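**Q** Sequence:
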Amino acid sequence: MKSLLPLEEAQQRLIGMAQRLPSETVPVGEALGRYLAEDLIAKRRQPAADMSAMDGYAISFEDRNGPWELVGECKAGSPPCSAIQPGQTARIFTGALLPEDADTVVMQENVKADDRMIHLIEDPSPIKGRHVRHAGGDFKIGDIALKAGTQLNAAALGHAVIAGAGMLAVGRRPRIAILSTGDELVAPGADTLPHQIPASNDVMITAMLDQLPAQSRSISRIKDDMESLCAALENAQNCDIIVTIGGASVGDHDLVAPAFKRLGGETDFWKIAMKPGKPLMAGKLGNSLVVALPGNPGSAFVTATLFLIPLIRYLAGAANYMPVMQSAITNNPLPATHQRAEFLRAKVDSSGITAFDSQDSAKLSILAAANALLYRPAQSPEQQKGAKVSYIEI
92 MKSLLPLEEA
102 QQRLIGMAQR
112 LPSETVPVGE
122 ALGRYLAEDL
132 IAKRRQPAAD
142 MSAMDGYAIS
152 FEDRNGPWEL
162 VGECKAGSPP
172 CSAIQPGQTA
182 RIFTGALLPE
192 DADTVVMQEN
202 VKADDRMIHL
212 IEDPSPIKGR
222 HVRHAGGDFK
232 IGDIALKAGT
242 QLNAAALGHA
252 VIAGAGMLAV
262 GRRPRIAILS
272 TGDELVAPGA
282 DTLPHQIPAS
292 NDVMITAMLD
302 QLPAQSRSIS
312 RIKDDMESLC
322 AALENAQNCD
332 IIVTIGGASV
342 GDHDLVAPAF
352 KRLGGETDFW
362 KIAMKPGKPL
372 MAGKLGNSLV
382 VALPGNPGSA
392 FVTATLFLIP
402 LIRYLAGAAN
412 YMPVMQSAIT
422 NNPLPATHQR
432 AEFLRAKVDS
442 SGITAFDSQD
452 SAKLSILAAA
462 NALLYRPAQS
472 PEQQKGAKVS
482 YIEI
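If you're matching positions, the sequence shown starts at 92 in our numbering and goes up one per residue.
Misleading hints may appear alongside valid ones.
[To be verified] Think about it this way: if two alpha-carbon atoms lie no more than 30 Å apart in a straight line, the pair counts; the simulated DSBU-like pairs of lysine-lysine are:
| id | residue 1 | residue 2 |
| --- | --- | --- |
| 1 | Lys219 | Lys238 |
| 2 | Lys219 | Lys369 |
| 3 | Lys231 | Lys166 |
| 4 | Lys134 | Lys166 |
| 5 | Lys362 | Lys219 |
Hint data in this document are derived by calculation from the structure and do not stem from the laboratory.
Note that the structure is a prediction, hence the values are computed from the model and not measured.
Please put together the full structure from these sequences, using the hints given.
**A** Next up, the structure:
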C-alpha cells in the first residue's frame, strides 16, 4: 500500500504532463461551451448613452414637480428626440435614448395627462436619475468583459456580443479516443450469455465528455489479446488523449500496461491511493496522453471525474479545471478511512448528504441513483451523523 500515489499528487502529475492546446478563432455563435483563450476587451460601452429603464416621461430633475408640456416622443431604436426646455417633457419608452437636458424618467403610472399637459400625481417627487440607465453603467470601452479561461455559456456569449465581439479566440477542442477492452463485452442492446455483459462504460464515458468542448470517438469492445490492443492503441495515436477502459490491473488478461510498454509508451504513474479507482494508470504514447481507467463502472466514473475531465478542461483552456468541492451535513455515520481516499456514491438534497449502504463499484444502479460523490480523505477519523463533509456534484 505504501507504493500507492496520493490522490492530489497524481492529479498534479497528470496536469503536469499536459500542455494547453493552441487557440483558434470561431464565430461567437459557434463558441458555446468553449474556453476563452484570452481576455475579451470591450470595444464599446454599454449603454452607449443614457436611456430609459421604464415607459414614462423624460424630464429635467430641476423641473421635477411639473406640470410639463408634452413636446415629443422618444422610441427605442431611434436617435434621441429633440432637447427639452424648462417646463417640457417627452414621452419615452424603455430602451429609448434620453433627450438632451433630460436626466430623469417619471413612470407613466405616476402621472395624468390633461391634453398636452402632464401632471405628477404620486408623492414623493421623482428622484434625480430615477429609471435611467446611464452611459457606461454596465461596462466601458477597454474594460475586461470576460477573463481568459472563462467557459462560454449562454449568458457569457450574450455579454461577448454586447461588448462588441463577433469572433472569439477559444482553446482548441481536445481529440480523444476511447478504447473499451474485454472479451466479455457485447454491443448495447444485444442478447447476452451469462459470461457476457453489455459494453456500458464507453457509452457512459463518452456521455460525460459530450458535456465538454471535446471531440471524442469510441473504439469499443477490443478483445483481450495483445495484437488487437496494440493495433487499437496505434490507431489512436493521432489523438491528444487516449482513454482505455478496463485491463489496467495486474491480472493475466489485463494487457493495457504490457501493450503500452510494447509500443514504447512512458508510464508516469500507476496505482492511486483512492477507492474506487486504485488501478488508474497515466503516461504518454508518442504525442498522446494516455489515461487508463479501471473497468468497473463505478471506478471508471470516479476516475474520469477526478482525472480525465480535469485534463480535458485544462487542455481546452479552462482557468478552473479541477472538480468543485461543496459541503453538506452527513445524514449517516461514516467509518474511518485508512491509506486511501474514498469517494462514496451518495444522494444530496436539502436535508444533507446520504451515502448509499453499498459501494460496490460494479453496481451501476447505485451510480445511476447518486447525484454526488462524498469525499473522505485518506486517514480520516470516523464521522458521526450531522458532521460537515465535502462532496462533488455529479
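**Q** With a cut-off of 30 Å on the C-alpha distance, tell me whether Lys134 and Lys166 pass.
**A** Holds. Lys134 to Lys166 sits at ~25 Å (cutoff 30 Å).
**Q** Has the given pair, Lys231 with Lys166, been kept, meaning a C-alpha gap of at most 30 Å?
**A** Holds - the C-alpha atoms of Lys166 and Lys231 are around 24 Å apart, at most 30 Å.
**Q** Does the structure keep Lys362 and Lys219 at a Cα separation of 30 Å or less?
**A** violated, 67 Å
**Q** Take a quick look at whether Lys219 and Lys238 sit within 30 Å of each other, Cα to Cα.
**A** violated, 35 Å
**Q** So if I understand the rule, the pair passes when the alpha-carbon distance is 30 Å or less; does Lys219 with Lys369 pass?
**A** Violated, at about 66 Å.
Hint violations for this structure: numbers 1, 2, 5, all remaining hints satisfied.
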